[in-house]
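Student: Here the protein sequences line up with chains A and B, keeping their order.
FYI, my numbering numbers position 193 of the first sequence as 193, with every residue one higher than the one before it.
Converting from the second sequence to my numbering requires adding 430 to each position, the first position being numbered 1.
The set of hints was computed from the structure by calculation and includes no laboratory data.
Source: prediction; values computed, not measured.
Hints should not be assumed to be uniformly reliable.
[Stated by the list, open to error] Covered stretches of chain B, going by a simulated chain A footprint (3 or more residues, C-beta under 8 angstroms):
| hint | segment |
| --- | --- |
| 1 | 463-473 |
| 2 | 551-563 |
| 3 | 567-576 |
| 4 | 586-597 |
| 5 | 698-709 |
Glycine residues also receive a C-beta, built at the ideal position from the N, C-alpha and C atoms.
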Amino acid sequence: MPRGPPASPGQSRPKSGKPCHSDPAEEDRGWRARHYPAMLRRLTRAATPRQRVFWARRSGSLAGVPTYVVDLRSDTVTKPGPAMRRAMAEAVVGDDDYGEDPTVRELQATAAELLGVERTLFVPTNTMANLISVMCHCRRRGSQLLLGHECHLHVYEQGGVAQIAGVHSHPLPDLPHGTLDLAELERLVTRGLGSPYHPVCELICLENTHSSSGGRVLPMEYLRQVHLLAQRYGVRVHLDGARLMNAAVALGVPPACIVEHCDSVSLCFSKGLGAPVGALVGGPKDFIEEAWRLRKALGGGMRQAGVLAAAALVGLADAEEMLQRDHQNAQRFARGLQELASPVCSVDPTAVETNMVMVRVDGLPPEELCRRLQAVSADEVAQTGRVVRVLLFPWAERSVRAVWHRGVSAQDTELALGKWAFVLRTLRTG
Amino acid sequence: MLRRLTRAATPRQRVFWARRSGSLAGVPTYVVDLRSDTVTKPGPAMRRAMAEAVVGDDDYGEDPTVRELQATAAELLGVERTLFVPTNTMANLISVMCHCRRRGSQLLLGHECHLHVYEQGGVAQIAGVHSHPLPDLPHGTLDLAELERLVTRGLGSPYHPVCELICLENTHSSSGGRVLPMEYLRQVHLLARRYGVRVHLDGARLMNAAVALGVPPACIVEHCDSVSLCFSKGLGAPVGALVGGPKDFIEEAWRLRKALGGGMRQAGVLAAAALVGLADAEEMLQRDHQNAQRFARGHGAGTGKVGVRAEDPADGVTDPVPWLGWTEVTRADPACCCVWDGGPSVPGQVGHPPQPGGHESISGTSRRKDERTRKGTPASGGLVGGWGFTLQSSDLLNNKFTF
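Work out the full structure, taking the sequences as your base and the hints as a guide.
Tutor: See below:
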């Protein structure tokens, strides 16, 4: 999530009342831009679990009350477990800049086979993996990139493709399923074809799973169609596969089946796969050779990176089981929330395809809902016998996003539902 | 060539070859890796610290180990804030981008400095900053008069790029790990301030400089507006570096780190190793310096330039000749053979890649040469400054390895 410049003084609440003829999507974006930064910082400070638990225990009325924290802000918060820590501690390492780290080499080879690509390259973050891919595909001056206007690369990567790579973006509207309109895509690809007056469309970027639409899985047929279109006009396709494994598990297919419709792919290890740090780029051999130079130039050429690759290997090994569990927990939560039948919070369980649940919030600001979900009170103890703090980020003017990961168990999911029910009851009666 | 030599030098393979060879079967074999101090691997204490590190999402500012490292380093370097990044290349790039924000910014630096030669021209291709390199003087410094001339050349003129930044490197790698004199640093800083220019210190090996001078690193950094520090070289950590500077500088640096793709999550696993490296830095680096000096002194008895042989298993055993560690070597063949006594890996400096024909200088961590080794025959090998070498272990039986 971005940490942007401070919000303007006095702007702590979204304005009430809407202008006439407003575009809801536009409103959402404007609202986020105005309120996100300060709000995220406040919520993040409030959410630091250890301090809050300490406070809860010190408080006279809550002394001795079981306290739980369920962190649903993002799957980036996953911490390495004992197996991962042991693997990291025992990793055989070498200088990866000289190509001498055997654990990095093992990870890269394993991932290449898993993704069905010729080569892969280990990098510190998926942001760098995406940036390197864009830089590799878009080498000429005046290159143009087509992508969704809510995709992570466009919104949350500091405009790196422009400020660092000098690549011109043209964002298309995202459809609800996380896809782009194929006819519009073709129109934009062909608009400047052969014309010296237009930028040269070099690359289409897709994101799978699509974070902004709630972790939606791009349909396989859609991927095929985009790839055919791109190939027809000499354009490449890069897949932002930060959560690619979630998509593969949801579809029940090997990741290579998804990646075969793309010319390059990025994959993140530090999200649902649970590793502390790391991502990778995958593609053809000459692509990865150029990517190596760019990784060096960007400052991603780490040395004994095997300590990180070891954790990534552990994450890959149990990915299917862990992600399947995350998806089931997310679905269980969505169904449970729907059963509460609250006018304030509504959810569509059929839209929950992976580990994310988008909850529509009516009647109060999403920020206020998040505050209540992580607050503690004597009332909660009296009604439920415990304290549960659910950590969430508001997503848009009328929604919050909840993300499941290996740090959230089925029991935690039930606790979160219980807290949600308590908050909704309080809102009804209060 | 470097890749071939590097592959050949992979210790395990060479040992295997040595053991298989009939004449070397059962012979104790040693590898002394003097290519660079980047090859350092984390020891038990570091690995334990990494395994036990308390972590959080550093992108949200919630990793306590990263926060501890950044605070510790800020105090050590005498700066307001620091920012943990994956590599010193990124630390330098971020610093240049933070200092040079306008179009047409110009950067003055030494023409052999790491930032100019070994960082893929990132300041240009990524940051759009125009470099003007000056000749490096033998001590790793720049000529102050020339520096002032270049700073003032375009001052106030719309026809020239705007000189925004001077980059210094301490210790200076290409001149053999030289320490920039304190008075020089003061003079550069005064000059820069006079004309509204900033000074960034590429302090990849800053701790080596501080230990050599016997001063706190903050005494060196106080003459600069920003600094980079690498943990994965002599400090021994597997991964990591940092940028240090004023608060608003580091706030902007955070954005740039994110943009470049350096915003790691549970980076405390790496910061924990860096903290261990910092804790024993003085002792370890002092030891490295002593070993380097011992090696250099040990070769003072040589009788002249040494002839060299190709390092190739197929060539078989050759007769090395008296060898001078820190002097120029006439290269008779495309690859050179240098004779050592030694033990496990020794941190050192990478020398220049060999050029076809002519003289080359070797820089490396020096070791005391054993008399017997002079007459010895090659055995297991490694690399110094991009050249291959071999060592006969039977000649080393009575050597005291200083590690």
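Student: Give a verdict on every hint.
Tutor: Now for the hints, and whether the structure bears them out:
1. Here's how the segment 463-473 of chain B fares: 7 of its residues keep a CB closer than 8 angstroms to some CB of chain A, so the rule of at least three is met and the hint holds.
2. Counting residues of the segment 551-563 of chain B whose beta carbon lies closer than 8 angstroms to any beta carbon of chain A gives 4, which reaches the threshold of three, so the coverage claim holds.
3. Counting residues of the segment 567-576 of chain B whose beta carbon lies closer than 8 angstroms to any beta carbon of chain A gives 0, which falls short of the minimum of three for the stated coverage.
4. Coverage of the segment 586-597 of chain B by chain A is violated in this model, with 0 residues showing a Cβ closer than 8 angstroms to a Cβ of that chain against a need of three.
5. Coverage of the segment 698-709 of chain B by chain A holds in this model, with 4 residues showing a Cβ closer than 8 angstroms to a Cβ of that chain against a need of three.
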